[in-house]
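Colleague: Listed below are the residues making up each chain.
Protein chains: 4
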Amino acid sequence: MTITEQQATGTDFSTARSIVLQENERLLNAVQPDQWDRAGQLLTNARAVFVIGNGRSGLAIQMAAMRLMHLGLKVHVAGEVTAPAIGSGDVLLAVSGSGTTGSVVSAADVAKKVGASVLAITTAPDSPLAQRADEVLVLAAADKQDHSASITSQYAGSLFEQSVLLASDALFQALWSKEDQTAERLWERHANIG
Amino acid sequence: MTITEQQATGTDFSTARSIVLQENERLLNAVQPDQWDRAGQLLTNARAVFVIGNGRSGLAIQMAAMRLMHLGLKVHVAGEVTAPAIGSGDVLLAVSGSGTTGSVVSAADVAKKVGASVLAITTAPDSPLAQRADEVLVLAAADKQDHSASITSQYAGSLFEQSVLLASDALFQALWSKEDQTAERLWERHANIG
Amino acid sequence: MTITEQQATGTDFSTARSIVLQENERLLNAVQPDQWDRAGQLLTNARAVFVIGNGRSGLAIQMAAMRLMHLGLKVHVAGEVTAPAIGSGDVLLAVSGSGTTGSVVSAADVAKKVGASVLAITTAPDSPLAQRADEVLVLAAADKQDHSASITSQYAGSLFEQSVLLASDALFQALWSKEDQTAERLWERHANIG
Amino acid sequence: MTITEQQATGTDFSTARSIVLQENERLLNAVQPDQWDRAGQLLTNARAVFVIGNGRSGLAIQMAAMRLMHLGLKVHVAGEVTAPAIGSGDVLLAVSGSGTTGSVVSAADVAKKVGASVLAITTAPDSPLAQRADEVLVLAAADKQDHSASITSQYAGSLFEQSVLLASDALFQALWSKEDQTAERLWERHANIG
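Line by line, the protein sequences are chains P, L, B and F.
So the first sequence is numbered by my numbering: it starts at 2 and just counts up by one.
So the second sequence is numbered by my numbering: it starts at 2 and just counts up by one.
So the third sequence is numbered by my numbering: it starts at 2 and just counts up by one.
So the fourth sequence is numbered by my numbering: it starts at 2 and just counts up by one.
Bound-form chain P, shown alone (with noise of 0.2 Å):
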């Protein structure tokens, strides 16, 4: 953990919001697009995907997984009452900033033994989450541990986190498009309890 002084000092709403949507813009516009139409081909074809990830990381895949409902797929979050175990045909959409998150790295490990493709969301291409992955989808953010400002002025993890749900929902899009489906279809699988 590199550890630093940074501090955000002078920043109003109107500073910060410029901050956050440049450091998303140049980043996405980084992503390599065939690697994330790949990952859609996965999903698609997936007999379930599950979804895992810490925290914020957590809680943005969650978002990208009720939209992947909303498209017709099987779906599971790692840690709901109702998800069932991993197996054969799954496919796990792992996040982890540093791709050293214990939890997620684990999941990996489970679902390569049982025969379910892993799908990698992380800053670091050598770490071991992508070393676990059939498709590395590089989000080149910092790594939430490293507080020394070099690639983003935000605080810990958030270009990250803001760039994963920005990035699946992007995927979302296109997936959608291949589908021949109205946003109708959509709107009906929309939970209407609760």
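Hints are supplied without guarantee of correctness; some may be wrong.
A pair holds if it fits inside one copy or across any two, identical chains being indistinguishable in the list.
[Unchecked claim] For lysine to any residue, the following SDA-like pairs were computed, each having C-alpha atoms within a straight-line distance of at most 25 Å: (1) Lys113 x Ala31; (2) Lys75 x Ala86; (3) Lys179 x Val115; (4) Lys179 x Gln7; (5) Lys114 x Leu72; (6) Lys179 x His191; (7) Lys114 x Glu26; (8) Lys114 x Asn55; (9) Lys75 x Gln8.
Source of the hints: derived by calculation from the structure; they are not laboratory data.
Keep in mind that this is a model prediction, so the values were computed, not measured.
Go by the hints and put chains L, B and F onto chain P.
Modeller: For chains L, B and F alone, kept in the frame of chain P given last:
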């Protein structure tokens, strides 16, 4: 509900990425920064902050809630096992694209009744939620039930939900700037078990 | 709401343990077994089972939901990220001590409208929830807003919530008995990641 | 893992109910009350209480956590969005039937390292979790991976998970008895939004 025949067509990841980035840039640059700076003051002066939102809006505002906790605020998510009653001096940060979500509007009513302040994030400045708010933070995306693609080419509330995260994180960055706290100090508050 | 001056006094763990055991024994022995056996048939014939409940009732019924998943049923918890719309042929297992909880009664209305069956677990056989149910499973504990200690010496809905778990687990045991499935077969369905 | 050919046979709801009641009565009456009374003192003196458990054990201890919050304690659930770092003066209430659950044992290690106390609820007094605990609360049910039906006829960890709830609620009742708080005072702390 205006359900149309909206469909995304001919969109690969690269095209979808451009749509997501451009829509968020246009939307966030139309935001009134002074509203968010005032909201920040309300939040930092609160006895405790409660956040509420349904579905993906709820997940986005939970990401914001986690950051406010890292900043040292006392924060609760509505529906969490450990969330107590909201009371006088607290602030409710309430998110609803349409401004009509039943549980969110009801929560705003309770908040007003007990002497808490209400901060609303919504697309709809004249909505029931906005009418109950002390400060209305308008994000001029389409409501998710408007499938007519007039404001966004994305599905349902996606643009709104993305902008909730990006704007909240910009607000966090501005609040962090006002505090005399290094990244290291915030980092010490991150969950270390679970 | 009948709020009284109820207080527990002079109770150590040993005394409290006896109260909990005796109250549950008396309550569960007053249950009509045939209602639960019929409920079991509805659950195993469902296209999918949705469970809903607030607070501790919700946690108790989530424990039941997990076991139904282990048994091989398709199960969703209302409010879970991956829960889709309830529809025709599904069963809603709805829990409310008072039978008046807003979100639970609303869910029962939606279920009836879309052609799903409703199983209600409640203390109140004449409540709004019970009136919407195809089968009412009465657990004759006090409603949690009755603090008068006439039926239970425990706080609020504690007895009801305990009995929801114990009765649901007895129902699971009976359902398991009807299936030709070893413990090992169920065990294979337990979550293996997260 | 001892996987056997255990199956429940010839059991209707009425029979299953008797099994559940008798097993809990026998188990809870074998508990050492003084251990739980000491645990109660640790909890009420804590700066904050953190609870952790996986699956159904986790849900049962969350039910207990909610009651401790109603009693006025500061409570966090591991993994909740708003849970901060555990620290000196806090108490970790850790539940694992086998006493070997990875995330729970790791949490106990962290707790000890930062100066927090550990309360373990487990079937296994010699387990890794018990070895890290300041107070071990033994519930002598079978571990859920012992499918041999020697102690319980129920599936997997069901008896353990039921007894976690019943014993925790008895502990709550005893703690409430020691406080000068009416039911009405506790009721005011119940969540009023969400």
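Colleague: So, for every hint listed, does it hold in this structure?
Modeller: We went through each hint and held it up to the structure:
1. Lys113 x Ala31: So lysine 113 and alanine 31 fail the 25 Å test inside a copy (29 Å) and across (44 Å) alike.
2. Lys75 x Ala86: both (13 Å within a copy, 13 Å between copies)
3. Lys179 x Val115: neither (30 Å within a copy, 30 Å between copies)
4. Lys179 x Gln7: Classified as between: cross-chain Cα gap 13 Å, same-chain 44 Å, threshold 25 Å.
5. Lys114 x Leu72: For lysine 114 and leucine 72, only the inter-copy Cα distance (24 Å) is at most 25 Å; the intra-copy one is 28 Å.
6. Lys179 x His191: within (20 Å within a copy, 34 Å between copies)
7. Lys114 x Glu26: neither (37 Å within a copy, 42 Å between copies)
8. Lys114 x Asn55: Answer is both; intra-copy 22 Å and inter-copy 22 Å each pass.
9. Lys75 x Gln8: between (43 Å within a copy, 21 Å between copies)
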